[in-house]
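Each chain, letter by letter, is given below.
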Amino acid sequence: GAVVSQHPSWVICKSGTSVKIECRSLDFQATTMFWYRQFPKQSLMLMATSNEGSKATYEQGVEKDKFLINHASLTLSTLTVTSAHPEDSSFYICSAVDEAYEQYFGPGTRLTVT
Amino acid sequence: QKEVEQNSGPLSVPEGAIASLNCTYSDRGSQSFFWYRQYSGKSPELIMFIYSNGDKEDGRFTAQLNKASQYVSLLIRDSQPSDSATYLCAVWRGNEKLTFGTGTRLTIIP
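Residue numbers (my numbering), protein chains in the order written: chain A, 1 to 114; chain B, 1001 to 1110.
Check before you lean on any hint, since a few could be wrong.
[Said to hold, decoys possible] Pairs of lysine to any residue, SDA-like flavour, derived with a Cα cap of 20 Å:
1. A:K20 <-> A:Q6
2. B:K1097 <-> A:P107
3. A:K20 <-> A:R110
4. B:K1042 <-> A:E22
5. B:K1002 <-> A:L46
6. A:K64 <-> A:T17
7. B:K1002 <-> A:G61
8. B:K1097 <-> B:L1011
9. B:K1056 <-> B:Y1039
10. B:K1042 <-> A:A2
11. B:K1097 <-> A:Y101
12. A:K14 <-> A:Q60
[What the hints assert, rightly or not] If we take Cβ atoms under 7 Å as the criterion, some of the chain A residues that face chain B in the derived model are:
13. V3
14. F28
15. L44
16. S89
Since the hints were made in silico from the structure, they are not lab data. Just so we're clear, the structure is a prediction, and the values are computed from it rather than from any experiment. Glycine residues also receive a C-beta, built at the ideal position from the N, C-alpha and C atoms.
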């Protein structure tokens, strides 16, 4: 199946700093990528839909100025958590949609804000 | 009513038995239905999807869809300890977004 990578796989940062997470589709082009957040023992929560060449579409309740998404190319989307706080600590997962509309998940990035 | 509902479990099944996971959805316009498996600390991986009424089999897994009842299920035959995970049901309504249920935690007892 298709491969989606995320970098970094885990990151620890201090409160108030910003963190960038990369999502790459390695063997296919993805016009659409999704960003999810998952807290412990909870399901995936869609944060935003990232479309190549256009602004991301954020779900209700997700602050677009705090979670900056850039879909710079057909294989790369980035999520920047700005001015991170401990409550932003979570498991962030991206997914990419291929030409057959199948969605493949990245391995996730575990963010810990101290 | 939640868009996609699953029993959170935990569901315990003896090794070798059939595990049955259920999911209901509220939007009758939903088009495709997905089952993902998620191990603790890992991202979800697609097991199978179904979009037509009836059964779809893939190895030990069978997905069942009943659009009239707005119900989709996943059967796992000959359950193995490695099947112990959280199973997520997801629904696609044709707008590219998937809507996930909260997941059912399955434990296979050796």
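Hint check:
Restraint check for K20 of chain A and Q6 of chain A: the C-alpha separation of about 11 Å stays at or below 20 Å, so the hint holds. Pair hint K1097 of chain B plus P107 of chain A holds up; C-alpha atoms about 19 Å apart against a cutoff of 20 Å. Of the pairs offered as hints, the one joining K20 of chain A and R110 of chain A holds, with about 12 Å between alpha carbons and a cut-off of 20 Å not exceeded. Under the criterion of a C-alpha separation no larger than 20 Å, the hint pairing K1042 of chain B with E22 of chain A is consistent with the structure, at around 17 Å.
Taking the CA atoms of K1002 of chain B and L46 of chain A, the gap is about 15 Å. The hint holds against a cut of 20 Å. Annotation: proposed proximity of K64 of chain A to T17 of chain A holds, straight-line Cα distance about 17 Å (limit 20 Å). Annotation: proposed proximity of K1002 of chain B to G61 of chain A holds, straight-line Cα distance about 17 Å (limit 20 Å). Between the alpha carbons of K1097 of chain B and L1011 of chain B the distance comes to roughly 28 Å, so the proposed pair goes past 20 Å and is violated.
As the CA atoms of K1056 of chain B and Y1039 of chain B are separated by approximately 23 Å, the hinted pair breaks the 20 Å bound. Distance restraint check for K1042 of chain B and A2 of chain A: the Cα-Cα separation of roughly 17 Å lies within the 20 Å cut-off, and the hinted pair is therefore satisfied. Between K1097 of chain B and Y101 of chain A, the direct Cα distance comes to roughly 10 Å. Compliance with the 20 Å bound is thereby established for this hinted pair. Between K14 of chain A and Q60 of chain A, the direct Cα distance comes to roughly 27 Å. Violation of the 20 Å bound is thereby established for this hinted pair.
Residue-level restraint check for V3 of chain A is violated (minimum Cβ-Cβ distance to chain B is 12 Å; threshold 7 Å). Because the smallest distance between the Cβ of F28 of chain A and any Cβ of chain B comes to about 14 Å, over 7 Å, the interface hint for this residue is violated. The interface hint given for L44 of chain A holds, since its Cβ lies 5 Å from the closest Cβ of chain B, which is under the 7 Å cut-off. At its closest, the beta carbon of S89 of chain A sits 14 Å from a beta carbon of chain B; the interface hint therefore is violated under the 7 Å criterion.
Hint check: violations occur at hints 8, 9, 12, 13, 14, 16; the rest are consistent with the structure.
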